[in-house]
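Go ahead and model the full structure; you've got the sequences and the hints to work with.
Chains as they are written, first to last, in our numbering: chain C, 1 to 410; chain D, 1 to 410; chain L, 1 to 410; chain Z, 1 to 410.
Any given hint could be a false lead.
When chains are identical, the list treats them as one kind, so a pair holds in a single copy or across two.
Below, a list of computed lysine-lysine pairs in the BS3-like style, where the Cα atoms sit at most 27 Å apart [claimed, not checked]:
{"#": "1", "residue 1": "300", "residue 2": "201"}
{"#": "2", "residue 1": "373", "residue 2": "397"}
{"#": "3", "residue 1": "300", "residue 2": "316"}
{"#": "4", "residue 1": "224", "residue 2": "147"}
{"#": "5", "residue 1": "75", "residue 2": "224"}
{"#": "6", "residue 1": "313", "residue 2": "5"}
{"#": "7", "residue 1": "5", "residue 2": "367"}
{"#": "8", "residue 1": "5", "residue 2": "187"}
{"#": "9", "residue 1": "318", "residue 2": "397"}
{"#": "10", "residue 1": "398", "residue 2": "201"}
{"#": "11", "residue 1": "224", "residue 2": "373"}
{"#": "12", "residue 1": "187", "residue 2": "398"}
{"#": "13", "residue 1": "148", "residue 2": "201"}
{"#": "14", "residue 1": "398", "residue 2": "147"}
{"#": "15", "residue 1": "224", "residue 2": "133"}
{"#": "16", "residue 1": "398", "residue 2": "373"}
{"#": "17", "residue 1": "367", "residue 2": "187"}
{"#": "18", "residue 1": "201", "residue 2": "147"}
{"#": "19", "residue 1": "147", "residue 2": "373"}
Quick caveat, the hints were computed from the structure, so don't treat them as lab data.
Protein chains: 4
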Amino acid sequence: MNKKKIFNDPIYGFISVPFEIILDIIDHPYVQRLRRIRQLGLTHLVYPGALHTRFHHALGSMHLMTQAIETIRSKGHEITQPEAEAVTIAILLHDVGHGPFSHALEHSVVEGIHHEEVSLMIMDRLNQHFEGKLSMAISIFKDDYPKKFLHQLVSSQLDMDRLDYLNRDSFYTGVSEGVVSSDRIIKMLEVVNDQLVIEEKSIYSIEKFIIARRLMYWQVYLHKTVLAAEMLLVKILLRARQLAMAGHELFTTPALREFLYHQHTRSDFNAQPELLLRFCELDDYDIFTSIKVWVHHDDKILSRLCMGMVHRKLYKIKISKQPISQLVVDEYTTCAQSVFETNAEDASYFVFTGDIENNAYNPAHDKINILSKDGTLIDISQASDQLNIQALEGVVKKFYLCYPAECIPL
Amino acid sequence: MNKKKIFNDPIYGFISVPFEIILDIIDHPYVQRLRRIRQLGLTHLVYPGALHTRFHHALGSMHLMTQAIETIRSKGHEITQPEAEAVTIAILLHDVGHGPFSHALEHSVVEGIHHEEVSLMIMDRLNQHFEGKLSMAISIFKDDYPKKFLHQLVSSQLDMDRLDYLNRDSFYTGVSEGVVSSDRIIKMLEVVNDQLVIEEKSIYSIEKFIIARRLMYWQVYLHKTVLAAEMLLVKILLRARQLAMAGHELFTTPALREFLYHQHTRSDFNAQPELLLRFCELDDYDIFTSIKVWVHHDDKILSRLCMGMVHRKLYKIKISKQPISQLVVDEYTTCAQSVFETNAEDASYFVFTGDIENNAYNPAHDKINILSKDGTLIDISQASDQLNIQALEGVVKKFYLCYPAECIPL
Amino acid sequence: MNKKKIFNDPIYGFISVPFEIILDIIDHPYVQRLRRIRQLGLTHLVYPGALHTRFHHALGSMHLMTQAIETIRSKGHEITQPEAEAVTIAILLHDVGHGPFSHALEHSVVEGIHHEEVSLMIMDRLNQHFEGKLSMAISIFKDDYPKKFLHQLVSSQLDMDRLDYLNRDSFYTGVSEGVVSSDRIIKMLEVVNDQLVIEEKSIYSIEKFIIARRLMYWQVYLHKTVLAAEMLLVKILLRARQLAMAGHELFTTPALREFLYHQHTRSDFNAQPELLLRFCELDDYDIFTSIKVWVHHDDKILSRLCMGMVHRKLYKIKISKQPISQLVVDEYTTCAQSVFETNAEDASYFVFTGDIENNAYNPAHDKINILSKDGTLIDISQASDQLNIQALEGVVKKFYLCYPAECIPL
Amino acid sequence: MNKKKIFNDPIYGFISVPFEIILDIIDHPYVQRLRRIRQLGLTHLVYPGALHTRFHHALGSMHLMTQAIETIRSKGHEITQPEAEAVTIAILLHDVGHGPFSHALEHSVVEGIHHEEVSLMIMDRLNQHFEGKLSMAISIFKDDYPKKFLHQLVSSQLDMDRLDYLNRDSFYTGVSEGVVSSDRIIKMLEVVNDQLVIEEKSIYSIEKFIIARRLMYWQVYLHKTVLAAEMLLVKILLRARQLAMAGHELFTTPALREFLYHQHTRSDFNAQPELLLRFCELDDYDIFTSIKVWVHHDDKILSRLCMGMVHRKLYKIKISKQPISQLVVDEYTTCAQSVFETNAEDASYFVFTGDIENNAYNPAHDKINILSKDGTLIDISQASDQLNIQALEGVVKKFYLCYPAECIPL
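As structure tokens, then:
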């Protein structure tokens, strides 16, 4: 019997591992690898405490799942031991396919391969390794399992993933306003007609949860300087890929080389089983170490971009409710051409636009059902005694312009 | 020089007293009396930790004022030392006129005398005692002082009173979701055209503040069991007053006797200076001690109501979005008549209806102005990128029915 | 089925009531009465947040007991359901016999009657009321029950009482250094030979627990101003008793009158069953309300002492490692005689000495046994790799002198 | 004027940058580099939250320094603005010379070069860059500055470094018992005869501080699994160095290559100014990325060790109060030789012993002086009313044995 069953967690105090097999899964290299992938990518450049990893988040979600199972059972709904184990494995592994800086990589080096697919591929490998013991977990993860509410605990508006990451991200960034009362929300969970719902008396907590999430989006996840850092990473990887395709030599780790020098597609992953292994060798270290070395690369653009990343001289960024006018872009591009002695095409590594969007609550996609005292289910945006949640349903879109500090705004 | 300048506070850590005179004011019996008046009346019957006093809240508000002064000064606005002292005194004394269980008393024993008037009367007395040194504080409190933003720090949508009580009430009740980031909000305060405003980047914090306040209203301040307890207190005091007026003898402290056996009006307070002194002798002890003794009173109704309070057998209460039908009231009244062997009139001490209301944000009454980056001022409900705050402007009204546990709902 | 099974607690978040019968016990007037008795008496005059009650502490201890039962069971030791219920009732009621300001009353009005005896009398009454269902709880409380470790959970160096009150007192005073890791300590509990012991790896946590307790003693429980306030209360009650015995009329509640005007002994409690009922009507309200009225009493000494209490003009106090010399006492007494125009005997209400003591760890009385990895048990003071705990075994005694502010030290 | 003057910190809420020049120093690549060096090396393998960096610790120490300056000034001691700036710079840069995994590197790759020397070299470079503006800071750091207490704020038993790292390490590991009341301790700082001392009333806080530190040592800094991880890193680097010296090719970053393939001495650093630049390119990324690649290296020993690190299969470790007997070492060595098919010399990469030590309080090295009320200074171990701190003065030494999991203990 493995003794190390308790993890210290600054947020929940102690995290106990509820099943023997889970300890073995945690010990597997595929999961240990998550120790080297930060949950929030480059956010620590703005919030210096935001260094927590996907590993810790996976443990935290597992912890909340244990509480949710307890609550739901205490309200008279059956969750068998195998189901409890399976749904806990499912949440533990829900993000196992994330590569380093997921979004940046998906926009540059491993285009077209979504992390959820990779998660499933990895779960299948683990299932082989553990001789079929993960089958029910995979079935729940894919929403094939008959008891639908189990999947909802893993993936829905009120899943354990979200409850943990809002708390965890808010804790480590120090943006204390993102804290949600996961305790209170979990205690109010109920199951009606095989649907995960929430008792009416927690309606204000749910409102606050939606607002907290909205706040975290604009204050952290889409913070303009975080965005500038992430876009810098995308541009670095795009430039490196461009150079690699053109046959230039670049310092990389062997694992990164595989993906930088080849354009692997989803079907490659299916055809070459060892490709997944290679992918699983990638983590934050491969990317950032290469960037540090590229500071000294001959290519002026790559070197310049990398220096910006390493010394934290990020793009300047403007956010606007309206699209950025081409005129403005042109002016900045002209400036960048002159500053970096480059052509218009290459100047686009320094001056570019894009958009970001967020909607706080989207019932079309996935409702939060409130269980009223008379037993009926109502969507939260209808159940609220005012229309404030309904008012949050629309998508908010914003536009940004990145440009170099050398080009002073006019 | 008095040495005890630091108070321990579980919320802020330490509270320092910023001016010498304030220490003397705190030591005055009028302020010491606030140690014996709970901030949240009977709320501790639902949230057992909610025992904090108006004294502690006054100190907490003072602490936040010190921070606000520092922030505003650091942004280049002048607050002279006398002004800083005065606005700090004003916040310290803003609630000094509260009697015990303010609302219950104002609805029974000291009808027609509002606690704000009493606060002003007490400040005037203190001003005499301190030889005019409180004049500027009083002027700020009454909004007579030229620099209007100083008054707004004491009384407005974002005053230090509100920031402290939301935090403090949420802390002591354990309803952690009511916590507001007072630190963050205070750091974002600005003054424009002599108006207290808030910088645009804190807009989501302000949204969360409004939601937190809404949550505290329904979860704590208007919690149905809290309401049932407060209504029980009102009914007890009304019955006691009725008996007193009819010449019955009741155990009371001398101070309570003055107000129970006489119907003092505002003009009595003006005409009889010693009446204020008597009022200032009243605190939670006088009321609750009397109730404990009244458990044994001959009057069955008074005794019954008091036993309910002392042993925490409160009214049952129903909350409804529609007014309670007279038919329902009549049925419960009939039941109560039979249970308590009484007439219909006296049964109304056990069965009655009422309404409660709250609006989360009311710009008609007092706006929260957001300072946008281009320097214009916008009302928060307009500044938000969605309409959710606007949606909170309406008043939410609910109706309640109180009835005895002996009368089982049909 | 009573639904209200969850209490909000600022410290543990939520406290669930683990057994149906416990809810009924909590609802009983004998337990509800603890809502009106502060855990720390007059400590709030120094730490304004320290207003928490014995009721909340009882709930908190019950919560920790639930955790301890879970831990001990998970390590393979049997605690049957009836035992779990009984030990939880025992901790809930462990302090039920405390009167208001226990120590002050025991030194003045109800001399010779210890609160533990009263607790047992009340438990017996409750046991009658609940038809014998508390018998096992009482047996555990009295240490008559065969499984000895159950009693140790209720009363020993590491009982749930102590773990809760250290945390709770430290939380509400704001003396954050008194916090102990109850979570961590409870998780390390073990049972060996029917003894409650603690696993070796928590040895530093236990050291810290002992230091935290020592700190709380000198910083809070024996804080000199707290001591001055408590001694003022003792002197007030002694004077009131003296006046009552001499036939003077004093304002009191009927319950307090019973004990102020009669010198009841333990045998009176046995002979007159209704005396316990009367005692259970007493709470903080009776005492403090009377003191407020006594401010206006004809007896100058009583009135003067009471004014000090109500307006927080406490004794000045000096603490010394040596006994206070009689010479010093005499000088202050002479001063007090002159200030208060009284004789030497009555001056002793204003000038007097006494001593306080504390020992941080007393293995003679009750050991903390550490379970080493090889299975042997060692006393903590021996188990520590240094002698620092052993160094704390001696009793520390200090002496104090109280005197009025009017008598300036020479 | 640079606007970004506030850092979010989960521990202190907000950290403000107090001086303009400090913002420029923080922005300098030498300081930005600390963002990539974890404060606690490999501790996160045991406490998954312990990912915080030396950068964040530097900011935190700076924050506490601001508070300390304020307190000391408020007690009437002069700290001029230039001194305040200098002492703040000194604390900000106190650890700037730390390389990645300092201890591991100092025991393998950069032997004989202590991080404090590197700190000074870097400060000198920065001083050139900032045209002499760091001269006073350097003077304080080196304890050359006349006002000695300024140096003590940077480096002594109660310096801001220690107060921050205890709090920070305890916060991020989740070992809540390491928390010290930095607020309370700082408020009690005083200066007497140019010495930093602490007021008598905080004596129990200081005791708790010493105990907390002791606890953190054994629970975190010298935690046996942390030790096993660190020793694994040392062995990896020693093996890599051995291979490099023997002319084998190893994947490294250019910066690491410089130090792996050359045995640079302190005089090399003096002779070759660019060597410091190279050293400042090293961070956690270089080391760990190389280790990840070395998993596939031809050398079986290196590859095996690296796999242990990457997949978290650490040494087993035994801690003992007595030295490990050679007999035991020999048995494990024999086992390792057989398991890894190697000779005795190479087996020492898998089986070895060592010792660790800690003393909680060492007055010989650096006293904590308590200022008693009569103005005299007493060492804390004498001032305590018991001998418990004195008991902590001795050094506690323990011995460890590392061995591979394949070799089951007999």
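Now the hints, each set against the structure:
1. 300 - 201: Intra 60 Å, inter 36 Å, cutoff 27 Å: neither.
2. 373 - 397: The answer is between: 19 Å across copies meets 27 Å, while 37 Å in one copy does not.
3. 300 - 316: within (20 Å within a copy, 49 Å between copies)
4. 224 - 147: Classified as neither: same-chain Cα gap 41 Å, cross-chain 36 Å, threshold 27 Å.
5. 75 - 224: Between copies only: 24 Å across, 44 Å inside.
6. 313 - 5: Classified as between: cross-chain Cα gap 16 Å, same-chain 43 Å, threshold 27 Å.
7. 5 - 367: neither (36 Å within a copy, 29 Å between copies)
8. 5 - 187: Cα proximity of residue 5 and residue 187: in one copy and across copies (24 Å, 12 Å).
9. 318 - 397: Within. Shortest intra-copy distance 14 Å satisfies the 27 Å Cα cut-off; inter-copy 43 Å does not.
10. 398 - 201: between (35 Å within a copy, 15 Å between copies)
11. 224 - 373: Answer is between; shortest inter-copy Cα gap is 15 Å, intra-copy 43 Å.
12. 187 - 398: Classified as between: cross-chain Cα gap 26 Å, same-chain 36 Å, threshold 27 Å.
13. 148 - 201: For residue 148 and residue 201, only the intra-copy Cα distance (24 Å) is at most 27 Å; the inter-copy one is 41 Å.
14. 398 - 147: Classified as neither; 39 Å inside a copy, 38 Å across copies.
15. 224 - 133: neither (44 Å within a copy, 33 Å between copies)
16. 398 - 373: between (40 Å within a copy, 16 Å between copies)
17. 367 - 187: Within. Shortest intra-copy distance 19 Å satisfies the 27 Å Cα cut-off; inter-copy 36 Å does not.
18. 201 - 147: within (25 Å within a copy, 43 Å between copies)
19. 147 - 373: within (24 Å within a copy, 45 Å between copies)
Of the numbered hints stated above, those contradicted by the structure are hints 1, 4, 7, 14, 15, listed in ascending order.
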